[in-house]
Amino acid sequence: MTTESTGKNGDLKSRVQDLIDTMINPAVAGHGGYVELIDVQENRVYLQMGGGCQGCGAADVTLKAGIERLLKEEIPEIAEVLDTTDHAAGSNPYYTPGKA
Amino acid sequence: MARLLLLLPTTTYRTEAFVHAAHKLGVDLVCASERPSTLEELAPGTLLTLDFADPEGAAARVAEWSRGHPLDAVVGVDDLTTTVAAAIAHRLGLRANPVAAVAAARNKYQMRQCLAAAGVPVPRFRRLALKDDPFTAARGVAFPCVLKPLALSASRGVVRANTVDQFIAAFHRIGAILHRDDVGVSGEAAEYLLAEQFVPGLEVALEGLLVGGTLHTLALFDKPDPLDGPFFEETIYVTPSRLPQAIQRRITKVTAAACAALGLREGPVHAELRVNDDGPWVIEVAARSIGGLCSRTLRFGTGMSLEELILRHALGWTIDSLDRERRPAGVMMIPIPRAGRLQAVHGQEPAAAVEGIEEVAITAHLGQELMPLPEGWQYLGFIFARAETPEAVEKALREAHAHLHFDIA
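Sequence order for the protein chains is A and B.
Those letters in the first sequence? Residues 1 to 100, by this note's numbering.
Those letters in the second sequence? Residues 1001 to 1409, by this note's numbering.
None of these hints come from the bench; they were simulated from the model.
Quick caveat: nothing in here was measured; it's all calculated off a predicted structure.
In this text, a Cβ means the ideal position worked out from N, Cα and C, and glycines have one as well.
Take these hints with a grain of salt, some might be off.
[Claimed, not checked] Selected chain A positions facing chain B (Cβ under 7 angstroms, derived; list incomplete):
1. 27
2. 55
3. 65
Bound-form chain A, shown alone (with noise of 0.2 angstroms):
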């Protein structure tokens, strides 16, 4: 993947940057997760879960209904968010499935 980091698309990076650092994290850390910007291109924004987040059995209701959501509403002409998290890899999520 590659990065593109200036003009437009920069700008747009660091809006999404400053929305992770100032609302998203600081709400996620409440169940021991954080969220990491990996990049944006096309208005498609790449992030990582960690922590809690990372193999979280809610990690795909905190991505779409929750920060999708909110970067789509603060910066509009976000398209999609895309998760690039390995969540197989995760030691210590919040909620843990199984079968009903």
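Fit chain B to the given chain A structure using the hints.
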């Protein structure tokens, strides 16, 4: 844009598949869980907390919330949420099963009563109070029998007893399971258990979709590993079934009769039946789709997932085809061999390299405390296969599983 409410317990395996299906359909997704999301205060329009143990309370809360956010559909993704979803849908006038029908399907005693009254073949059964003397209770039961909780799923707490001593041990063991912190049952489900006739035979699982009261069979899975007890750990599912077509038709017919007897009319159905010389016997009919990650074995029409199909039905959208792809497919739920903490997993690469294996998904994380049946309720992971024949699917699953080794200490 249509707005969809998904009821997603924090412990369900089903979240990823349903969230992805909703995303693919382009709906405005709202997620509710029984515990608050860390982002709920920041995103109150898409994240909700509901008490899944209180369907009417949850329905009232959603009715209030939906005044500002009208909903087009509500879907509960697993056993814990089916009754709540029905209550919410009823309150909002959305497509769903009657609440009483779903509640009956959630309670094994009520379900047996409904089915027996309608002439649907079910094992002989008795409800027993946990406060009663098990020795006395055992005198009214024929052996071998199976004891099970009224409301748990995934074979949790299901124990076969061949003798009075085994019956008493199972009785106490189930009572202890119902008192565990990670078992959230209350009322009748916490005070009683079910004792029923053990029905010998093959076991199958039918995955279906009810549309206006008509059952459409989406897939019939064989369970080639014998399920004779003392515990009933599910392992391999393979579809299509290798049973004769005439028997498969009888299985569908009996399942449809069971749905009708319960009053189920809309949405997914997961039924488990035993088949022997007397025909099919209904063991379970749940108003939900298949559990775990098992739905990854199923694709419909031009690549539609089971979850997409369920959401389309709930939204009242067209479904081009309910036909499963023709290629045989299967899944193995990797059982937990013993209690302990998962230290390491070996053999994933050779397991994934077995011909026909599509995926080896280890869902237990390193360091996770593991508990086998009947107390446990999780799996180490899932193995998925596709091949030219059901026999080849089963062989691939067994071969892949043989490569896997788990250090549990």
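Evaluation of the provided hints:
1. 27: holds (5 angstroms)
2. 55: holds (5 angstroms)
3. 65: Since chain B brings a Cβ to about 4 angstroms from residue 65 of chain A, closer than 7 angstroms, the hint holds.
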